[in-house]
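Enquirer: The primary structure of each chain is shown beneath.
2 protein chains.
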Amino acid sequence: MFRTKTCGELRLSDVGSEVTLAGWVQRIRKMGGMIFVDLRDRYGITQIVFVNEHDALLTEAASKLGREYVIQVKGKVEERASKNGNIPTGDIEIIADELTVLNPSVVPPFTIEDESDGGDELRMKYRYLDLRRNPVRRNLELRHRMTMEVRRYLDSLGFLEIETPMLVGSTPEGARDFVVPSRMNPGQFYALPQSPQTLKQLLMVSGMDRYFQIVKCFRDEDLRADRQPEFTQIDCEMSFVDQDDVINTFEGMAKHLFKELRGVELTEPFQRMPWADAMKYYGSDKPDLRFDMKFVELMDVLKGKGFSVFDNAAYIGGICAKGAAHYTRKQLDALTDFVKRPQIGAKGMVYARVEADGNVKSSVDKFYSQEDLQELKKAMNAEPGDLILILSGDDAMKTRKQLCELRLEMGNQLGLRDKNKFACLWVVDFPMFEWSEEEQRLMAMHHPFTHPKDEDIPMLDTDPAAVRADAYDMVVNGVEVGGGSIRIHDSELQEKMFEILGFTPEKAREQFGFLMNAFKYGAPPHGGLAYGLDRWVSLFAGLDSIRDCIAFPKNNSGRDVMLDAPAALDAKQLDELQLALDLKEEK
Amino acid sequence: MFRTKTCGELRLSDVGSEVTLAGWVQRIRKMGGMIFVDLRDRYGITQIVFVNEHDALLTEAASKLGREYVIQVKGKVEERASKNGNIPTGDIEIIADELTVLNPSVVPPFTIEDESDGGDELRMKYRYLDLRRNPVRRNLELRHRMTMEVRRYLDSLGFLEIETPMLVGSTPEGARDFVVPSRMNPGQFYALPQSPQTLKQLLMVSGMDRYFQIVKCFRDEDLRADRQPEFTQIDCEMSFVDQDDVINTFEGMAKHLFKELRGVELTEPFQRMPWADAMKYYGSDKPDLRFDMKFVELMDVLKGKGFSVFDNAAYIGGICAKGAAHYTRKQLDALTDFVKRPQIGAKGMVYARVEADGNVKSSVDKFYSQEDLQELKKAMNAEPGDLILILSGDDAMKTRKQLCELRLEMGNQLGLRDKNKFACLWVVDFPMFEWSEEEQRLMAMHHPFTHPKDEDIPMLDTDPAAVRADAYDMVVNGVEVGGGSIRIHDSELQEKMFEILGFTPEKAREQFGFLMNAFKYGAPPHGGLAYGLDRWVSLFAGLDSIRDCIAFPKNNSGRDVMLDAPAALDAKQLDELQLALDLKEEK
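Protein chains in written order, with this note's numbering: chain A, 1 to 587; chain B, 588 to 1174.
Please note: incorrect hints may appear among the correct ones.
Computed list of chain A residues with no C-beta within reach of chain B, every gap over 12 Å [claimed, not checked]:
(1) GLU68
(2) ASP91
(3) ARG145
(4) GLY187
(5) LEU199
(6) LYS259
(7) THR267
(8) VAL296
(9) MET299
(10) ALA356
(11) SER369
(12) TYR521
(13) ASP534
(14) ALA565
(15) ASP582
Computed footprint of chain B on chain A; a stretch qualifies when at least three of its residues, placed anywhere within it, have a C-beta under 8 Å from a C-beta of chain B [as the list claims (entries may be wrong)]:
(16) 120-132
(17) 162-171
(18) 201-208
(19) 229-241
(20) 542-552
(21) 557-563
(22) 566-579
Source of the hints: derived by calculation from the structure; they are not laboratory data.
From the three backbone atoms N, C-alpha and C, an ideal C-beta is built for every residue, glycine too.
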């Protein structure tokens, strides 16, 4: 062992002892006949002092150290004259007797400090240096503690962690698969799992009763801001349960994690909001409930007064921003620009301020009398000093989604989205299907194995689009951190589902034959859930992106810029796989 | 919840209580006016009794149940008249009041019993049924407990579990990679990791200090009996350590696992055997030390007596099988056939029996006097009743490997390889390189990042084949359960290593540039180890193959016969990947 102590553990009580430390040179200061070196490792920073009077040769050697050199120092722990209250080792320092340079370092391309001067690209290329920085390292430590706690908790409830294969079959339904050519079976491919969904269902058929796995999943999608081609799921499944059982189990786990990792005690049961309400009141299936600003439908209030935009609208909805009546015209114009951005797509925005005297001033005053506006104020439950923002459109669902963006933006602007406050809820009663414009057919909203609500099963034949599912998402601060469902365990119902989804019996058998077959041998009622580990960690760490809770993430082109992967293959490798490139012209 | 209790938990103290159970029908027996159903779940079996006098309709319904039906039963716990001491619930039974068939089952293709009548192919195709069998389920439970214990142990020592990416770059050095075409980067491929070797080294450069990960690894090799294309490693790395530190840490972990999972206390330090000794005395770098039968070199004893086979041999070695002099001519002929099989390749075998009176009778009596044979007896340390078996050949290493096979076979035949006995050792001082006939160059015996022994470094220039490495394997009962090394942390030494391995500087930079570059920024001394999880579990479970400690294994052609993967891709998928099949004619 190159050390007797770490750089984080020495205290006043160690004064007088001889120690050996090893680590990285964080900082060097020369003062008179002394050289001070901050020595860093994962556990902390300890001040080393080289004293010229004590050992001139050694001090000479120390003067040649550079940033990020790896050194080993032997010396005596002494009490510091001027203590540093900011670090746990701040009461002591080491008077060096021996110095060994274990490895020199060239000058790093950015500073290894909490606030680095490295840009994103540079930090990713030299990720091994970026990981030396406290904030990034702490994210990985948090991730480790989180997976330890998840496993402890689920183990205590009798869940078994069971590894499912990474090389599985491709299922063109759903997102795109990453595929893996099989050399031993030329012309054939494995797929990497988008989730172990069907395999965990088979584990239930096999009687495993309670399964979990912290597992890598893969999706070959065009990457949006917070997506990675590989991500990690806390994947769970239980037998002989209904929706309440699953929700209670994993709400218990979430509360446990909040307590252990963030010291937050959540004692109340999480709200359970039907999907229809979430859409109606927040325009989103993952509402951020850290703040109110609930949608109010204003069709009755604002229609028929001659303002054609509203008169022709299929939906008019408003939000009330408490105390934001002070918004200037410029700020309001910026908000209008915000909702008109192509990503959001609203046509415009109407606003109304409630003034100190209770009067309402709006951007559409010429169409509405003060009386009308007082009705609006009442409907919005607005008070003096409040700002009312209104959107309308000819597609209610689209307009709600636009209003949702506006609501979140107002939450940001008014500082209502505090990262240290947590609002958790379950969104339940999701629709079973959604209509795909692209495919011109019903698609499964969660996946084809989701159990419809018992009371809605008769509607499968008459009005499938109205059927609700035993499906649920957990939402924290507007982020979907997990979701799941009760699964179909009846092979006839499963066949019917495939039929509604437009699978021919042959296609269904080809893709999911193994599952439908398994269901004939005594499948228990079962259901489960998958939590997104990356999202949980970034939530607990207060990160804006999942990227910094992943040791070696990929960029938005799916590239690992540090490894320079993906890359071209040797011709020999392609040949062995009996594959050829078929590159298309650049578009 | 469909149940109030599991099928494994009711005891005499529960008599009188009303319970609801759910599970699978294991067995049905009809006796007079009663039907007995053994109800099974993961936790055990409980006897359910349907009594005609008590409820005739219910008993009628129960008579229609079949094997593996999933049912829910409500009833009262009663003390059994005739108790079953073989199962923990054997004191009680449930008198059924209600029965719900949750799912019927068609007749399974094999019996769900400890000893199944299903052949290997059938069991794999219906793996979800096979997993219902106690022995297979217990293996997965053991695997779960093992990973829990590993994590607890390493966490307590300050190791962080850090996930490394699954989509990495391909490195043609070593075994063949599985590759993954990148749609977003046409013509380029990721590789699935053969191990996180370079990434964990980068984590050491990043100061993570102590890393572990239980992680899937992939190798596209032609599958031998006990290989799987995907397998699981307990992958570990530490900074500021030397070989002793790593060995002590992971020997501690092994002892902990033996104690927790098998109740075996291993108090002595594990033997550390130099690789050269392992080869000399056991003909293997993974000797099975559950039994002795050490090789004795017999060149001095047996040469020069006119037996040309021995006279011309480069190596003559023998083993002494205690008490096996009773072996018949037929048995000895079978042993000769065994060593002559092409997989082993010996030319023949010489034997000598030590008779009760101390005389030695050999198969080469015409060349050797009794005096000569007494010398042999002495050299072999043989006693009356012992059997001496001798092999010779013109390549010492090859002959030792043949003798190793013979030794193991004798161990089997004499019952010396008890699965409940554990012999652990470290094999150390591996050669740095081995000569590849195929490539006509030196190859790294472990991998190119292995640190040579300090005292052997000067020989890198003069006699690289003689250089030993700071590399170590842990061997249990003749199985290599793990191995590792101290790594090179000096970029100059690493460059020299690549040079000896025949890499041009360009090639080295292309493949490992990121690592060599990282080493310039202050790499700490580091080393580690990887344990094979599958092998550990099969060792603890007493399995002959790793397959039955894996939930969904692949067969020898790399196929998952249950999922029927790999399979052909949709033309659209290939097109999106800008790939074409280039299938060769069948050979």
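Enquirer: Could you work out which earlier hints the structure fails to respect and list their numbers in ascending sequence?
Expert: Violated: hints 1, 3, 4, 5, 12, 13, 14, 15.
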